[in-house]
Amino acid sequence: MDYEQFRVEHDKVWALLGEATLPQSLPNDIARLKEMAAAINDPADRRDADNMVAMIESIVDESLSAKDEEPWSDAMNEAIRVHLEASDDSGTPAERIARARAGIQAIGRIADRAPEHERNAIIEMNGSLLMLAEALEPDAE
Amino acid sequence: MKVTTYRELMAEQARAAVRVSGAHHSSWNGKVGATDPNEKIRGSVGWDHTINYSDELVTVPLKDMFENSRVYNQDPATLRSYREAVKTVHHENTHALAAEGTEHVDGQAAYQNSAERALEEGITEVHSYDNLNEYIDELGLEEIAPGIKSAEAQPSYDHYTPAARRFTEGIGRNAGVEPSEVVRRLAVVNPAEKFRTAAEVLYENSDLPGKIPEQEREAAIGRIEAAMKPSFSDLENLKTEPDKEKMRRQSAIAGARGAQAGVDEVKALSREWSQPAPETRVERGVATEQDRSNGQAPQESAPQQTADGAQPQELPPDLAAAVHASRSGSEPLSSASRLSEDQMGSRRSGTDSSPERSPEIQR
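Taken in sequence, the protein lines are chains C and W. Residues in the first sequence are numbered from 1 upward in steps of one, following UniProt numbering. Residues in the second sequence are numbered from 1 upward in steps of one, following UniProt numbering.
Please keep in mind that the hints were generated in silico from the structure rather than gathered at the bench.
Partial list, derived from the structure: chain W residues whose beta carbon lies under 8 angstroms from chain C: (1) Asn113; (2) Gln154; (3) Arg173.
Where a beta carbon is used, it is the ideal one built from N, C-alpha and C, also for glycine.
This is chain W alone, in the form it adopts within the complex (with noise of 0.2 angstroms):
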């Protein structure tokens, strides 16, 4: 959707990021908040769900930006500022989307962790930054400020991207899927998720789903899972390193690491079940038997929790409506677009756990 107002875009924020990512749904509650004006914070997304932006580093601009709607040959200082203010909304959305059956607010545990959150900020300015271009496409303001697209924003989080780059990097050419579609699949799940996600990239591209029985799937993926994760929790070391080159060479190396590590458990794995016991091989065929006649489906169930369903309470009344019915589903959005199996670059088809394929954009 077009956006002409500010009101507009904040009502759109969540629903554009979703069409941009094909994620299925944003967790995002409504509301908009400011941040605190004694810390020097651009955006934040609360464990609430709430979206919060500073009122002088992003929320001025965004207004300055409409009230100078259509206005030509701004000077680049100005454009930068807008597309600045833009790729933190854009950033903040994408840290809010979310898998079917999940929420953001489900990875907060996990954000407590080096290594997931790394991966959660590297793998969000890695989607957010690629791909704003495509979101402000989508909200249509190129119209409102002529020259944006091409205006300099500088990405950050520099010390992580170059390792989530070089790990959907080594994932993707091992899993025979582009490496934006890696990005992709690991910004729509919350940091609880990415590197199980991950995992099971490298799992359904390989081998394993001919050998291993579906019951011993989920042990086989949370292992290629803790393979990965160590490389990451040695970011905190990139402290000692003296500059740029360094410090962005050794983020890679921490990527490639990890996905090496889950490359090389993928073949640990197939080795393992290529030559069982005779005894385990008669076990592991009944197990297979008995799954495929019970018609069990043994993939873990994803975490329940929901929203609390809060609503708006900060938002004036009209787009308080707009937003409530955005959740409510009852204004079907025509730009989403279901990824075909090809897209996805995975084997699967059939059943499939897979949490973003659905168009559906909010709740």
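The shape of chain C in the complex, shown without the other chains (with noise of 0.2 angstroms):
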């Protein structure tokens, strides 16, 4: 085995990573993976294929304990993509200025009919929107 012939492999379960629903084979292809990576002849390619397959449980490991954990309420979801949306890195400086200005007004809205436990998480995503908005009126100007 060598490490292109692994890597051809890791990159269709890499795919899989990105599907709406984690597909039921996934442990069975990481198996797979990690057979494939012991079977790695150079020990820095193997010790690279083992670093990737450990990578691929990492993120499987995030989705299950997302899962386990209680869902964001829609205030949570709502103030995060508002706050990617008021990021955006489009537009003039003084485009960008107002649509952060915007988002801080809209999170503060967001986060009073929020629930108690995520309020402060909520507008603690405010801070960023500032620094974004302060750091582009130079260019603003």
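With the hints as a guide, bring both chains together as one complex.
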């Protein structure tokens, strides 16, 4: 087994991580990748392959722990979407500042109706929008 | 230093963050302001290095915490408000950490870019959240608010932190450095230096230093850095993900892809420098010898922009004096410690451009 052969198979499994739902076959796929990685002759390549399989497992763990936890409220889902839109890199500095400032106001309103345990985590995101708006100000003048 | 008043906490906030992280210094200018009450913002670091807090959401709970000093069995909601306020203080002070010869403002242009901004916020949140109890211990706040260390406080930036965690995990695993140590090294540099620091960790712990002459080092690290950034720009696309599981998974994938892109670039560089053309081999050999004979240190010099030296203007005189004393270095901190080479996980020794090695805390 050489690294390139492993990489082809790894990339197929990696693509599955982006599916809407993680496929049932994933544990078997990971086990197969582990066997392939162990059969790589070159020690440095084998180590790299082991690391790549470990990362797939970490992403699966991220997914499982997110499923185990309490889902975000609608307010948190909306706040994150607003934060990402308000952080968008497109447009002139003035447009971007206006977008970030509007995002701050919108996230403030969302926080008002968010569950108490999520409220401060939502408001915390406004700090980065303010830093962004202030970072852009010299370019907008 | 243990603090017993709100004023002492404000005076000590940056030095405690420096001690917890091992950063070279904090860029904080000693001023504490208030965020605009018309905007719901818990805290922010201005590009002039003033730290601002919300009166309602941060300052009031912190003052209450000291007014209720040493009161036991406070209700969970009160303790949570204290912990969340201290978390905000630690988050903002983590933003202000900087390497020798650099300041937070040196990252102002980089912060305009989605990739650098996502990594800055992801790393700052992971470091400040994971080390919050160390920060509380450093300030002695468990004695002020018994129970604060075990109170709940929600993490924030959940769309960036999975990327930051998997990115540092991937870098760390490949470099043989603990992921928490990679987080720390990225936390103590400004937004413009985080990807570069990650690239340096990969480079220094690979076979590249033995293959690539010193004068090519910066270009090689630049290639690794450039390879890692695009996946973080992709985090903007998370807004189409419908829920927590998918958003966190996609964020994790982006961070892992960034690390893998860096590792792949290291491998590509290693191949390129393994089989040079004969004439190139001679040139590189000569160049390396010249470096040695000239004693050159061809590492890129760090930005030299310095803070404006602004003195505290909004603090009472005793506090201003304390801040001045700390910035002038007249108050060494016994708890600051230098990490060993083992702890740093780097092969490097001797001349060292790593910005966070010095235990000095404030210039």
